[in-house]
Amino acid sequence: MANNNIEFEDWYSILNVEQDATTTQIQNAYRKLARKYHPDKNKSQEAVIMFEKISIANTTLCDENKRIIFDSQLLAKKEKKRKEQEMDNVRRKMKQDLFERENQFKKRRENDTNSKRNVEMENEQYRQNYINELKRQSQQQQQQQQYTSDEYSQESLVIKLKWKSRLAYTKDQIIDILSSYGTVDTFTMVDNSTSSYTIALATFTQLESLYQIIVRKEDLKMNFNIKIERLKGTTTDSNGGNSRSTTTTTTTTTTTTTTSSSSSSTNSNFNTTTTTKTSCNNILIDEDEEDDILSKMKNFKKNI
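The opening residue of the sequence shown carries number 1 in UniProt numbering; numbering runs sequentially from there.
By construction, these hints were calculated from the structure, which means they are not laboratory data.
One should not assume that every hint holds.
As the list claims (entries may be wrong) - Simulated restraints, written as ranges between beta carbons of each label pair:
1. Q206 x S138: 18 to 26 Å
2. R136 x E229: 21 to 29 Å
3. R136 x K107: 38 to 46 Å
4. Q140 x A168: 14 to 22 Å
5. D112 x E133: 28 to 36 Å
Stated by the list, open to error - Heads up, simulated DSSO-like pairs for lysine-lysine below, C-alpha to C-alpha not over 27 Å straight-line:
6. K160 x K217
7. K78 x K93
8. K93 x K107
9. K221 x K162
10. K171 x K217
11. K53 x K66
12. K77 x K66
13. K116 x K106
All residues carry an ideal CB built from backbone N, CA and C; glycine is no exception.
Start from the sequences, fold in the hints, and give me the full structure.
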């Protein structure tokens, strides 16, 4: 009855012998353990259980028929355990594979999310660049329309150039510089020998040429030290109509003028106002430029 209550045990392991041990080796192992766990020497419950196990192991392994049956049972147990271990390994591998696939899926989803976010950011950047480009083109078109509108006639295609006289630019050099922007129609150097600056007026045959040089006037100033101004505007003529020309008014005041002749002497105070129309608009001139213009006006009257 006691044997039926004992679970399957590896009797070789109980006796601490190999599975191919001889009967003598098995008996010697039994005697050694019996002295340790015999009830007469060790009355603990654990000793009682252990003594019963080594007794069964000795009886089973010393009987050839019982040992053969036990060896077959032990082999079946080991085979079952091996298969269970293999199944555990398979399940463990499947679990690990599943875990890795889940991680890969999560990583791929994160990458997809990041990629989508990057694409959205790139699209937003493209959209903003497109809007900025449209604004730039619109502003450029508005500027160009400013120079090509009906408000300006051929008379308004005039620019004023000013540079330091010590640069010693010649007329041909200045025309060559301006020609890179368009065809120069006329070019006039203003006689300004008393000033440290040289002034010239140039006209173009095309509004586009004028537009190109105006929008790049900072380049001319930086590369050649030439200051560019556009002369433009609209005034009202004597008949009340609009005239695309500029009226420059120069007022000279003489406090006392005395004229002597053989017959009489006349003292008079007077103001002289000279008004000249040019093809320019709202020109701000300094004293040297004013003297130059007055001088040209006098020469012009003499020629008439």
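Here is how each hint holds up against the structure:
1. Q206 x S138: 18 to 26 Å: holds, 23 Å
2. R136 x E229: 21 to 29 Å: holds, 25 Å
3. R136 x K107: 38 to 46 Å: holds, 42 Å
4. Q140 x A168: 14 to 22 Å: violated, 36 Å
5. D112 x E133: 28 to 36 Å: Between D112 and E133, where Cβ atoms are some 31 Å apart, the hint holds.
6. K160 x K217: Cα-Cα ~11 Å, so holds.
7. K78 x K93: holds, 22 Å
8. K93 x K107: Holds: K93 and K107 sit about 20 Å apart, inside 27 Å.
9. K221 x K162: holds, 10 Å
10. K171 x K217: Satisfied, since the Cα-Cα distance of roughly 18 Å is no more than 27 Å.
11. K53 x K66: holds, 15 Å
12. K77 x K66: holds, 16 Å
13. K116 x K106: Holds: K116 and K106 sit about 15 Å apart, inside 27 Å.
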